[in-house]
Every structure is written in structure tokens, then in C-alpha cells.
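Top to bottom, those sequences are chains A and B.
Residue 16 in this note's numbering sits at position 16 of the first sequence, and the numbers go up by one each step.
Residue 50 in this note's numbering sits at position 50 of the second sequence, and the numbers go up by one each step.
These aren't lab readings, by the way, just hints derived from the structure by calculation.
Be aware that a few hints might be false.
Unchecked claim - Which residues of chain A face chain B? A few of them, derived with a C-beta cut under 7 angstroms, are:
1. 34
2. 106
3. 114
To be verified - Footprint (simulated), chain A over chain B, 3 or more residues, beta carbon under 8 angstroms:
4. 27 to 34
5. 136 to 145
Claimed, not checked - Some chain B residues flagged as far from chain A (calculated, every beta-carbon gap over 12 angstroms):
6. 12
7. 82
8. 84
Ideal Cβ positions, reconstructed from N, Cα and C, are used throughout, including at glycine.
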Amino acid sequence: MSISIYRSEDRTAASAGRRLDDADLALIEATQDGLPLVADPWTAVGERIGMCGEEVLARFQRLLLTGVLRRMAAVPNHYRLGYLANGMTVWDIDDARIADIGRRLAQWPGVSHCYRRPRRGPDWPYNLFVMLHGHQREEVERQAEQLRELMGDACRDHQILFSTRILKKTGLRLTRRQREASCSE
Amino acid sequence: MTSDGLVACLDDVDRRLLDRYQRGLPLVERPYAAMAESLGVTEQALIERLTRLTEMGIIGRVGAVFNHRQAGASELVAVSVPDHRREAVAAIISACPGVNHNYWREHRYNLWFVVTAPDDTSLELRLTRLEAQLHTPLLRLPMVQSFHIDLAFALPWTELEDA
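Same shape as in the complex, but just chain B:
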């Protein structure tokens, strides 16, 4: 099913659920009961909705969003890879411990990824090893300052439906 079709399948309760609870669910004894009450459905119905939305892939997971800076060390890195080495280099990077994002982008620096580690020392070690393994200098771009820390943003349902 196309994503447009998927969005059209979402009813009003689904949309309110996503709008509200992408921003955080209550850390109380029965969180789904509390969510259900605020949406005007039963706890069981709410759990079924969350299960369905997860199975549809609309919700990635009902789970923790960590503050990477508080929970460990991480760094954005880019490399410039010639076409004939693309697949090999991407495979090495994806297999590197702590790599949790890896994207091709249209630029001379064409491979972009994030390396995480429990602390600065092990991050440094991972990056040094990776650089040696790839025989390619890493463009290392640590975050200096964050202006935007909340990844939840308003979902424009009408636009998503019409797209």
C-alpha cells in the first residue's frame, strides 16, 4: 500500500493518538489505560490500536527516545567514496559497532553515518579503527550546539492525505 493510502486509513482516534503520544506517554502504572482515557476509548481498544499501527509500520515502536548526549557519545561522520567502492565501504561501515544511521546522500561526501559509543574514549577508538579500515579520511562533524532537541513535530494530516 502507498503511504497516501495508509494515511487515509487512519481514523480520528489514530491521528490524535499519534499527535499526542509521539510527544511522550505518561510514566504511570497503567500507561495505556491513561492514554485510553484521554482518547475516550477502552484500554484494550487502545492496545489493539497501538498493535495495529505498529504492524502497519506507522509507529516504529512504542518505546524510549534517549538523549544521545546524556546516554553516551556520538558523532556524525561523512566519507567521500568512489562509485566502484560504494557497496564495499557501506558494508564495512554498517558492520562497524555503534553505527546506527547510514545514508547515501547526493554530494561529493556521499556516505553519511552516525557512530555511537558508551563514552568518548571508545568512540574515538571506533572512529580511528574505522578510518584505518577504510583507508579514507573521515569528515568528522561532532555537534557543537543543539538548537532543536525535540524530534516530535506536528503531523499535517490533510497535507499527508492529499500528497
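Just chain A, with the same shape it has in the complex:
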């Protein structure tokens, strides 16, 4: 099996990570398990890292504006809410029609992620990844069937990869520690 290294255009956006200064990284690390649930969470966070509440808030506002922070949110645990089946569906879609199909699928209820990824030879012909969520497998299978109909002859093949066990799931860890670790690697 040949595995080539692929660089996407989107990846250049990763260099935007360099826009984060040390204080941003300290802030991200101090809040990665969540904001304190107190009336003034900004000051409470600031006290941990020697920053005033106004600056904490201003930095988060800037991270939101620059797109590094997608949102500050009450993040639901979908599994706990009863979405017990999570199916990663992979599709072999006509390249000429993938953008149109991707945009339509992304709006489908139950779809949480919809990404184009590279094919990897005859062993892995799938170029579109669509994450489906449901209460049971049957529901995810029904959703996939509906998506298949929507795609018509633009789709050559698809598979559903159900998860059988979650070994590790954490939020993004982008921290000073991590940066230092990666420099010493």
C-alpha cells in the first residue's frame, strides 16, 4: 500500500496558529476544561494566570474575530443525550459533483461533519466523509440510505463505519506545554 503525504490548501490556514502569543496559549490552557461557573468567569480565569478580567475577555473576543475561536458555548454531550449510534459514512463521489453534493449534505439533519478528503488508491476510493448521529444503528442506516438517493449516480460506492468503542475523546489541546514538547521532539 502506498501512502503519500498530501498537503491541502486548507492546511495553510494552520499557520494562522502562529498568530497566538504566549498569553493566548496560557489562556487556552487555563480554560481547556471549561470556564468557571461563577458570575465573573473572566476574572476567575485571569486570577489563575495573572491577567485581569478585562484582558481575558478582550483576548477571547479577538480570538473569536480572527476565527481561532469558533464560539464559547455550553457544549452538549450528545452521547449522554441519547445519540448512541455514531456512523462515519464514507462515499466515493464523482469529483466534478462533490462540491455541490457536499454542500447539500451538510444541511441534512443528523449530519454533524461533512468533509472532502483525498482518495488513497484502489484500497480507499472514498473522497467524502459524512458523520451521522442517531439513537440506533437502524436510524443511521436509514439516513445513509436517504443520502444515497439524494446523490443519485454521482455516488459510486459508500460504507458506514460504526464506532464500537471510544478510546479517547478530548477537546483540542493546544497549550504552552504541547508547544514546548513539540519543540523538543
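Assemble chain B onto chain A, guided by the hints.
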């Protein structure tokens, strides 16, 4: 408690809170006061709700959702692992720096994970090392284009209750 039982415990305010604020809370001086006002409860009551929902595990955290592409480099990777090596390989991968998701899936490629790093160079280094450590080729599937960037989706309360 089953998840069905949990959902049944959530009152109307809990549900509106989740519907609205999974999409983002206001970045203002007193965010919980602003949320409380829009839900018609006091700031203290709102904070107690958030605390209870977090303790129940309904809310994973009240915190930041980062744009991985803006905040660093990441890549989806799969490996095909024979049954007798499953646990050992999974442990190596989970211990690899920057791995933040690791799932078994039903497929010949049975182990799926995401590797993150502060930048492209260190991501490349992590993947190269991991591949050497595992003695197994990695199926590397970087994102080429995202059609869907918002992970918040409408919570169908009635269905969740009846499930």
C-alpha cells in the same frame, strides 16, 4: 440512569438553554447574567443549572470550541490492526502526543484517530514517529474541504425522550 431517563429530567429552561447556548454564549462582562435574562431566570439560578447539567454529563463543558484549522494542524488517520495487537496499538496511539480522538470502528481499517499539533512541521514529525513505532502504514486523510463547520445541531427533544 439511562440517557432516556436523563432527557426526561430536563425541564423547558434546560432545553432552551442547551438549544440556544450550544451555539455560543455572549462574550460580555457577565455572560451568565445575559444568558439568565434571555431565559427569564436569575443569574444565580442559571449558574446552578449549568453546574447541574455539567455534573449530570449533559453538558461536557462550558467552554471554548476552537477552529482546529486556525488553531493548529490536525489530521484524521486510520490503521488496520489485527485482533491480537488491538489493545497494544490502541494504547500506543492514545499515548501519542496530540491524539485527541481515538475510536474503534467496524472496518478493515479498524482504528481511527485524530492527531493534532501546533503546526504542520510538528504534525508531520508526530505522524512519522508514530508510523515507525507501530510498524504499520498509516492511512492519512487530511481534510481537503469542509462543507459543514458548525457542530451545533438542533436537538430533537421529543425524539430523544421517546427513544
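Each hint, compared with the structure:
{"no.": "1", "hint": "34", "verdict": "holds, 3 angstroms"}
{"no.": "2", "hint": "106", "verdict": "holds, 4 angstroms"}
{"no.": "3", "hint": "114", "verdict": "holds, 4 angstroms"}
{"no.": "4", "hint": "27 to 34", "verdict": "holds (count 7)"}
{"no.": "5", "hint": "136 to 145", "verdict": "holds (count 9)"}
{"no.": "6", "hint": "12", "verdict": "holds, 16 angstroms"}
{"no.": "7", "hint": "82", "verdict": "holds, 15 angstroms"}
{"no.": "8", "hint": "84", "verdict": "holds, 17 angstroms"}
Taken one by one, the earlier hints all hold for this structure without exception.
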